[in-house]
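Start counting the sequence shown at 1279; every next residue gets the next number (my numbering).
Every clue listed holds true.
Have a look at the derived ranges for each label pair, beta carbon to beta carbon:
id, residue 1, residue 2, range
1, 1554, 1481, 36 to 46 Å
2, 1629, 1347, 44 to 54 Å
3, 1465, 1485, 22 to 32 Å
4, 1476, 1540, 38 to 48 Å
These are calculated hints, taken from the structure and not from any lab test.
All C-beta atoms in this analysis are idealised placements derived from N, C-alpha and C, irrespective of residue type, glycine included.
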Amino acid sequence: MPEGGILTSPIDTATIPVAPATSPDPVSTSAPRRWWALAVIALTQLVVVLDGTIVNIALPAAQQDLGLTDIERQWVVTAYALVFGALLLLGGRVADFWGRKRAFIVGMIGFGAASLYGGLAQGATDLIIARGLQGLFAALLAPAALALLTVTFPFGRDRNTAFAVYGAVAGSGAAVGLLLGGFLTEFTSWRWCLLVNLIFVAVAVIVGAVVLEESKAPGRGRLDVWGAVTVTLGFGSLVYGFTLAEAGWLRADTLGFLAGGVLLLALFVWIESRVAHPLLPLRVVMHRVRAGAYLIQAIIGSVLIGTTLYMTLHLQLVLGMAPLMAGLATVVMTVSTLVVVPVFTRLLAVSGPRPLMVGGPLLAAAGMVWLGRITADGNYVTQMLPGLILLGAGIGITFVPLQNLALIGVAPADAGAASATVNASMQLGGSVGLSLFALVAASATATAQSAGEGISASLAAGYGLVFTSAAIALLVAAAVAFICIRGTKEGLMPSHA
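With these hints in hand, go ahead and build the complete structure from the sequences.
Quick look at the structure:
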């Protein structure tokens, strides 16, 4: 039976449609306003992604100012990614039936309020709660924004361009956060890494209220309460279990939370297969190409969110750079991404998505292998710069078709849920990546110290193994793309466009 224009037979599920039979209904937006809408949506994605990393570079200063422990320092990053990822599916479904523009505006305002709270934090508890609240409201606005992009650009060349822009922002936002965080920390205060969001929020709310058109799923959907409870608790339990693993994989609490998370997620899938109005319609993720795209998105998220923390720590704690210099040192990754995106957006129309989805992660993995060679007595130019260039280029190439593949052929009623799944894959991958890479770094650092290495050398050993582990993850992403991604250029650019 057709599902969003894609047949679900064993053969046809491996292909991308030439022209979806049921394309998401385009909103009645004039051409100029469509591009203004894209600008607002891209700005939203920038805020969401950079807030995953902007505090990273400010963490040493915030830790000293507020007296954070190392565990509390990690939770400042993890709280945002965890709450964001765990609530995204719920946020996407709320946006579908409440109204995507309305959800976008409310989410933006709430995000600004949480940022103000965090910027005025007086202790670790305040800061961690504020980051969690940022994640909560981001879980409402992010899927709403991506769903609006999906219905504003339903097909054709404009859709390819719009998603390439969105992908470029998603791929470069982490590095932009590091640069902006370094500038604000050095010349103002670490608190402005949160307060600066008020500027972005004001622009997005004012312009978005004018240029965005309301869009919602047809009918009056009922909220899948049990699905929301099980998926939220399941993801939360799983990620928390990974954070506990640093103290020991065989501890009762570690195993308990990990097992509980797996069981809750299995229960969630069972519920979704039986309720009339599921939080995540399984037809969204059962398609082979989209499933592959979601898995690749999760791996990219684990790498981008999970490793940028250790890039900044190495630059500041090992190489002794000031926050601004550390931010500038990572901007080359953003430049590399922005350079390759327009080139490979044009190439996509010739090659189709598969070569980019395989080659991008391979190039990024080469960059991570280079970064894995860092030492305490090395220097930025020879040990980090080439790796950052390769990493940025690989991420940019991957993101050119990735967001489009994750959403193509989705029925209008499922646009919010599918958009939420895209973002959830990224953020939950980042949460798991943060936890696992923290475990890798701590283990390698402790091993080096026990072997008599100095503090700087031990830290470099830990960070280097994190980057090598990320390279392995990217190789897995390339393998997933090779197996799952099918289709030609016509799948992303219908002939009638």
